[in-house]
Every structure is written in structure tokens, then in C-alpha cells.
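> Here is how the chains run, residue by residue.
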Amino acid sequence: MAEPDTAPSPASPTDPAGPAAIVAVDNIAVTYEGAAPALDGVTFALAPGSFTFVTGGSGAGKTTLLNVIGLALPAASGTVQILGRNPMALPRPERAALRRQIGMVFQDFRLLDHLSVLENVALPLRVEGVAESQRRAQAGELLAWVGLGDRLEALPPTLSGGQKQRVAIARAVINRPQLLLADEPTGSIDDEIGMRVIRLFQALHGEGTTVLIATHNTHLVQALDYPVLHLEGGRVQAFGRLPRRQGEGG
Amino acid sequence: MRAKAPIFQADAASRYLPWLLVLAVFLATVATAGLLAVERTLADWQETAPAIVTVQLPPGADPALDETRADALVRRLRAEPGVAAVDRLPRAEVARLLRPWLGAEVESDALPLPPVLHVQLQPDSSTTAQRIRALAVAVAKDAVVDDHRAWQVKLVRYVEWLRVGIALSLALVVAVTGLTALFLTLGRMAIHREAIALMHQLGASDRFIVAALVLQAGLSALVSAVVGFLLGFVLLMVLSTAARELDETFLPVLRLDGLDWLWLLGVPLAFVVFSVLVTARTAFVHLRRLP
Chain U
1 MAEPDTAPSP
11 ASPTDPAGPA
21 AIVAVDNIAV
31 TYEGAAPALD
41 GVTFALAPGS
51 FTFVTGGSGA
61 GKTTLLNVIG
71 LALPAASGTV
81 QILGRNPMAL
91 PRPERAALRR
101 QIGMVFQDFR
111 LLDHLSVLEN
121 VALPLRVEGV
131 AESQRRAQAG
141 ELLAWVGLGD
151 RLEALPPTLS
161 GGQKQRVAIA
171 RAVINRPQLL
181 LADEPTGSID
191 DEIGMRVIRL
201 FQALHGEGTT
211 VLIATHNTHL
221 VQALDYPVLH
231 LEGGRVQAFG
241 RLPRRQGEGG
Chain L
1 MRAKAPIFQA
11 DAASRYLPWL
21 LVLAVFLATV
31 ATAGLLAVER
41 TLADWQETAP
51 AIVTVQLPPG
61 ADPALDETRA
71 DALVRRLRAE
81 PGVAAVDRLP
91 RAEVARLLRP
101 WLGAEVESDA
111 LPLPPVLHVQ
121 LQPDSSTTAQ
131 RIRALAVAVA
141 KDAVVDDHRA
151 WQVKLVRYVE
161 WLRVGIALSL
171 ALVVAVTGLT
181 ALFLTLGRMA
191 IHREAIALMH
201 QLGASDRFIV
211 AALVLQAGLS
221 ALVSAVVGFL
231 LGFVLLMVLS
241 TAARELDETF
251 LPVLRLDGLD
261 WLWLLGVPLA
271 FVVFSVLVTA
281 RTAFVHLRRL
291 P
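These protein sequences, in sequence, are chains U and L. First residue of the first sequence: 1, per this note's numbering; consecutive thereafter. First residue of the second sequence: 1, per this note's numbering; consecutive thereafter.
What the hints contain is simulated information worked out from the structure, not anything from laboratory work. Don't take each hint at face value.
[Said to hold, decoys possible] Not the full set, but computed from the structure, chain L residues with beta-carbon under 7 Å of chain U:
{"#": "1", "residue": "Gln9"}
{"#": "2", "residue": "Ala195"}
{"#": "3", "residue": "Gly203"}
{"#": "4", "residue": "Pro291"}
Since we're looking at a predicted model, the values are computed, not measured. For glycine and all other residues, C-beta sits at the position ideal for the given N, C-alpha and C.
Use the sequences and the hints to build the structure in full.
In C-alpha cells form, the structure reads like this:
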């Protein structure tokens, strides 16, 4: 894959905490016990409404970075600002509320096998205390949108990988988060379904959601003209749009 | 959609807890009943029994003389300062007390029975058994005086130790219940760690997750507590029925009254609340480890 140029778009590593940044990461480091640093001196910022890919080889730190931004993992050092707030400085209830504004699509889906597809998708609404009838209506509508309107009562073990991925996406966006993080969303599905999933993300992006997708799918990244944050060995190697090959439009 | 499907699936730990709680509440109910009965009996003894002295006048050849001596002694004792009451036991009552030793023969009018007096001293009386004995001997040289206080003191001391023993047993049952709830909560959290991590990631507050865990544990604890209490209650009723056949003159019978039964009703409730509190506290502490 061609390295992205380092043009500061939409937000550059040199201007990490721009006033409008929805995510501002400043010099963070994460080290797992007995291992090399998973992240080391990572600095960047994302503007609201942006669509960004995080790329890098296996062990580059993509998942760790998403976990830090998704408040699933604290950084050992450095600061992270999400929606203008430092989550680690917030009381736990407020941190939980901030987490509700972040949708997360996990590589392994993380669906609860004993709950139906509808119940899985409605979980974030249940957390927010939304009435059951409203949860049912919203989850049903969203599942229809991702093409699973006929599998509402199915249990996750009966679904294919692509179907599980769409359920996970529906769950991540049901409460209309401002920030959507997806870890290898096309990793376990074929290209056709992968593009369908990406189109779902584009639709959400079109409605104003900031999207950050970690992927090692170079074809996907090259096919779409979005900024790329490239990691290697836990460090940011480049952040910007991929250089256009000659003859390509735009 | 199923109404309020539980977020955390039933697990082996959830099936184990109810049986332990049945046992714990059963033991606690019986132990509490024992404690209440001992407390009540002890209070009764300390209030009434310590100040009773029994005077027995051995029968002579002339029953009329026996009666005269007994009447004279009753009058003398009633005049003594510090004596609250003097009651002469009816012949039938004396016969009943002697029946275990003398058999049915004791009912015969031909058998001379000793006049027996119960002398109740005032609680703050300085009158001693020796003084009562001196008065009795003045009337009848061979009078026998029993000071109940000597064995009562020993019995009270024994019952006080019994009370300590029961209270310790009860405390152990409570401690075991608490530890059981603690380890089962940790076990459940280990079993459901992925679901807990997911709910945490979806923005569920600690309170929400704890409520989901406690709801399931609390409901099964309630059912277990009721079953354990009913089993204990049945045992107490059986013991209570058997106790009615005992002769309280020779063996003090432990009893419960209406208020005690109300206290007993609080045992299952207290255990449910306790196990829920331990579960909630353990879960809260454990969740603090998540970012």
C-alpha cells in the first residue's frame, strides 16, 4: 500500500487539540506487561464529521489505539480528549455517559449469544433506560436498514459472519453516537459483504457521524478517498490522504 | 421480544447459591430461635426465681401437730422483714412432686407428706437462707431449707455460656453466608466477564451492571430464604410440641412468645438483604478495575 502523504487534513499530528477536534490524542503510550510498547508517542486529532482509516500491519497498535479512544483501555501516559473532555478526569458515571456517545464495532462482534438479534441491538437503549416498546421499534427499524429485518428473533450463533457484523454495527449506532469506531469490520467477511458494510459506514458518515476504521484491507483503503492514519510498531508513520495515482480523477 | 430478557445468563454459580442459602437460613432460624428462647428464659429466672427458698417440715406421727407447726412457721415467716410472700404448697402438689420417686402410693392419705413452703424474698432483701433456716428450726428442729439460689447461679452461668455459644454459631452462619455471596459473586463475574466488559463498553454505569447482577441473585436468594425459614419453622414447631409434654418443674422449658416469632420472621429477610448487599459491594469493587 502506498504511504499516505503527510498533508494536515483534516487534522494534523502537529495540531492535535484543535478547538473543534472530536478526538485529540497527545503523545500517548500503552505497554502490555512483558511486551514492546503497543503505542508509543502517538499524537493526532480528528475533526468532527471526518472519516478516517487506521492502517498498519499486525501488531502495529490499531486495536490498542481504538481501545484507548473507545475508553476501553487507559493510556499509560499522554492525554486523550474525546468530545472535548478528558475521560480519565471524569467521575465514573460521566465517563460511562461519554462512552455512550461512542459506538464501537468489535472485530469479534461481541454479541450476547443468549439474546436475540433484536435484544442485542437494543442493548445500548436498555442502558439508557429507553422504554421497551421504543427499543423494539428502533432496533427493528435499524435491523431492517442493515438488511436483517427478517432475523429479529434469531440468536447470534445461527447467523453468518456478515450478518453478525451487521448486527454489531446496528448495535453500535442505535443510540446515534457522535463517534463510531470499527475494528477490522471487513476482516471476517467476503469483499462483497465488506463493501456493503463500508457503505453502511458511509451512510452514517453522511449523517454527520465521525468514523474511525481500523483495517489491514489495502484494497478498501485505496478504493476510498479518506485520510489514513498509518501505524507501525505503535508509532504514527503518516497521517493524511493517500497520494493520488496518475490518471485518477479528483 | 421477550420482556426484559436477563443480560446475564443463568450459570452454575447461580444454581449453587440458592441451596447454600436454604441451609444458612435454616440454621440461622433455628439458632435465632434458640437465642431468643434462652434470652427469655434467662430474663424470667433473673426476674423471679433467684429469691425463692423452700422450707420442708418432715412429717411426724401426728398430722395435726404437723399442720400446727406449718401454720406457725408461715405466720412467723410472713412477719419477717424482707420476705415478700410465703406460699404453702397444697398436698396434691406435694404428692405430684414426689410421684416420680414414690409412685402411685403417694396418693394414699395414709402416707404422711411433709408440709412444703415456698418463701419468696424481696429482690433487695438482706434476709439470707440462714435466717430462714434459723426461723424454721425454731419451729421444727428437723426442718430442711433449700436455697435455690445456689444452683440457680450455676444454671444462669451455664445458660449465659449457652447464649454465647449460640450467638457465635449464628455469627459463623452469617460469616459463611457473606463469604459464600462474596465468592459466588466473584465467580459469576468471572463467568460473565465478557458480557460485563461489553455492557461497560456500551456505556452502562456500574450501578446498571450491579443492578442486573443483583436482581437475579436477589430473586433466587428470596426464594431460598423463604424455603430455609419454612424448614426451620417446621422443626421449631415439632420441638415446641415435644416441649409441651415436659414437666417444667424438673426441667426449665425454653419458650418463644409472639414477639419472638416476629423476630424470627426477620431472619430470612435479613439474610436476603445481607447477601444482596455483599453481592452489590463485591460487584462494585470489582467493576472499579474497569477503566
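> Taking the hints in turn, state whether each one holds.
Going through the hints against the structure:
A hinted interface residue such as Gln9 of chain L counts as satisfied when its beta carbon comes closer than 7 Å to some beta carbon of chain U; here the least separation is about 4 Å, so the hint holds. A distance limit of 7 Å between C-beta atoms decides the matter here; for Ala195 of chain L the minimum to chain U is near 6 Å, and the interface restraint holds. Below 7 Å, beta-carbon pairs count as interface contacts, and Gly203 of chain L has one with chain U at about 3 Å; its hint therefore holds. Among the interface hints, the one on Pro291 of chain L holds; its C-beta lies about 5 Å from the nearest C-beta in chain U, closer than the 7 Å criterion.
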